[in-house]
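With the hints as constraints, model all of the structure from the sequences given.
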Amino acid sequence: MRNWMLYTPLAIFLGVSIFLFTGLFSDPWTRDSALLNRPLPEFDLPDLMQPEQRWNRELLTGEPFLLSVWGVWCPTCKAQLAFMEQLKEQGVKVVGLYYPLPVDPAFGEHFSLGQLQRDVRQQLQQFGDPYQFNILDENRRMSMDLGVSGAPETFLVDAEGRIRMHHVGDINPRVWRQKFEPAMEQIQDQSDTLVQQAEVNQIGASH
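Take the sequence shown: its position 159, counted from the start at 1, is 159 in UniProt numbering, and no numbers get skipped.
Keep in mind the hints are simulated off the structure, nothing from the lab. Hints are all accurate, no fakes.
What follows is a set of in silico ranges between Cβ atoms, one per label pair, in the way DEER data are often shown: (1) E109 <-> A159: 37 to 43 Å; (2) E185 <-> E52: 33 to 39 Å; (3) D119 <-> Q53: 18 to 24 Å; (4) Q188 <-> E109: 43 to 49 Å.
The beta-carbon is built from N, C-alpha and C at its ideal position, and this holds for glycine as well.
This is the structure we're talking about:
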């Protein structure tokens with residue numbers, strides 16, 4: 001028993017050392033989403049710039065897209081706009097999910113859609129506009145359903161509405177090349193396979 005107790009501090013030291021060593025070389029921006037390979041959560045939210053237009057999960061299916069969680073209050077979001085606009089020019093569909101900061105009426109704070117629209121328009125005109133449109137998540141309910149903890153965060157969604165990738169942090173050329181391009185190619189290959197299989201089935205049914 002005494003010999004075993006002599007080794008206990010060493011075992012504890014080794015365990016702590018391994019934990020710290022692993023954390024030293026881990027990527028703090030990498031966090032797997034519990035929703036990977038699952039459909040987007042159900043939602044019904046207004047368009048940020050045209051509130052009479054409402055968006056839901058069904059309206060977003062049909063082609064792959066990036067769901068970009070962002071806000072004008074977020075400097076990292078602003079920094080990624082120019083590169084993401086390049087992606088848009090290359091044919092990548094980007095949908096914004098606007099993540100507002102909370103307001104506290106007790107301190108005289110109130111949500112102003114008009115002011116937010118002006119701020120968004122100004123920032124996108126100045127730094128680049130990659131978005132086909134922006135969904136306003138005023139109460140951050142959809143963001144909570146997605147497990148979002150802040151901004152920027154980006155979800156890669158396939159044509160069937162399933163979440164295929166979740167990235168925490170900015171989208172830049174390195175991140176795009178290492179993470180998103182392979183995933184996009186995989187989605188496209190799977191889509192082509194399904195189309196080919198459907199054509200084969202159609203030819204078989206016609207004979």
